[in-house]
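J.: So the chains spell out like this:
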Amino acid sequence: MAASVTVMTWELSDEHELLRKTVREFAEAEIAPHAAQWDRDAHFPVDVVTEMGELGLFGIVFPERWGGAGGDFASLCVAIEELGRVDQSMGITLSAGVGLGANPIFRFGDDDQRDEWLPDLVSGRRLGAFGLTEPDGGSDAGATRTRAVLDGDEWVLDGSKAFITNCGTSITSIVTATARTDDGISAFVVPAGTPATPTASRSTGAGSRPRICWASRGRGSATSCRSSTTGGSRSRRSPSGRLGPASSCRSSTPSSAMRSGVPSAGSRASRSSCRISPCRSRTPTTSPTRPPG
Amino acid sequence: MQVENAHNLTYKAAWLKDQGRSIGQAAAMAKLYSTEAAMDAARVATQVFGGMGFMEETPVARFYRDAKILEVGEGTSEIQRLVIARNLGLPVE
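Just so you know, the sequences run in chain order F and D. Numbered per our numbering, the first sequence spans residues 1 to 293. Numbered per our numbering, the second sequence spans residues 1001 to 1093.
Take the hints with a grain of salt, since some may be wrong.
Taking CB as the label site, the calculated pair distances span [what the hints assert, rightly or not]:
| no. | chain 1 | residue 1 | chain 2 | residue 2 | range |
| --- | --- | --- | --- | --- | --- |
| 1 | F | 28 | D | 1021 | 30 to 36 Å |
| 2 | D | 1081 | F | 112 | 38 to 44 Å |
| 3 | F | 54 | D | 1077 | 33 to 39 Å |
| 4 | D | 1055 | F | 138 | 42 to 48 Å |
| 5 | F | 151 | D | 1004 | 29 to 35 Å |
None of these hints come from the bench; they were simulated from the model. Note that the structure is predicted; figures quoted are calculated from it, not measured. We put the beta carbon where it would ideally sit given N, CA and C, even for glycine.
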């Protein structure tokens, strides 16, 4: 919105309405006809996400330096609204990709991290995910049990995460995970492919196709963002400042929650088994975040 | 009317963000109200369809299911109420 506006108003501009028209046409042509079937198949349409990226939807609010449009949040709201109008799941994909995937890197990462991860996230070529909720933690982020310990020049994360929207796709590049350090709770950037990053995927059948993952209980290294996601904790950086392979990894044990069936919110909720990959290799595999099946 | 209110709260929060102003309270209210409005609308729509509202071939069944997750993800309604109450200065801890 124009900065010159002095009265309080949130009326949308002609540019917003033009964006609305563009996204609506895209959503009705490329998403609406397929949404119900994608739900039935628990299919995550990577090709459509890529097209959303080519439309510039993931880059609306980010600076041009990283490939964004430098636009406003009202525009992002318009885009999410129009996707959600035909398919909530694709609306959430955009919302989470921007708000939970790219934004933590943009706001709290340093320039190295921004240069490394943002161009692909902003363009929609890759998706970022955020691991906050834990199997026993619910909404209480302050009760985070996952621990991050500095081992040499690498951070080692040890814990479990659940409901990690946008992980478990073939184009997921990072999972930002919160973990407790000696100084409080910080956020760590874990690249997809790191052993013991989320490998299991389950479908809820509700608004979020097979993109909600349960992280295995395991260890993997990561660099941290400079700031935390919860109040009171401090910024941390890996001494090396770079992402490295996991220094160690132990085989995982699925929690009881992982073994249980998929919560069925409707007759169509698909039931997919959870598969936790034991982490025996020190070498990142090529696509460990691909959903089973 | 709830949809209109949800629009107003959401775009007001976006507008505040674009003005560089504090949005904690506005965003919490927008998220809480809009997601519950979506749930209300989907619930009523499903009821209108009667038994067919629960059948797979009826789109409202999908809308109903999809609406519910909005009240849970990215900050539950309970957390939004906690944030709002805290911003109002109420003793919530």
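J.: Each of the hints needs a verdict: does it hold here or not?
T.: Each hint tested on the structure:
At roughly 34 Å, the beta carbons of residue 28 of chain F and residue 1021 of chain D sit within the given window of 30 to 36 Å. Restraint check, residue 1081 of chain D to residue 112 of chain F: a C-beta distance of roughly 39 Å satisfies the suggested window 38 to 44 Å. A beta carbon spacing of about 35 Å between residue 54 of chain F and residue 1077 of chain D agrees with the range 33 to 39 Å that was offered as a hint. The supplied range of 42 to 48 Å is broken by residue 1055 of chain D and residue 138 of chain F, whose beta-carbon atoms lie about 33 Å from each other.
Taken as a hint, the range 29 to 35 Å is violated for the pair residue 151 of chain F and residue 1004 of chain D, whose Cβ atoms sit roughly 55 Å apart.
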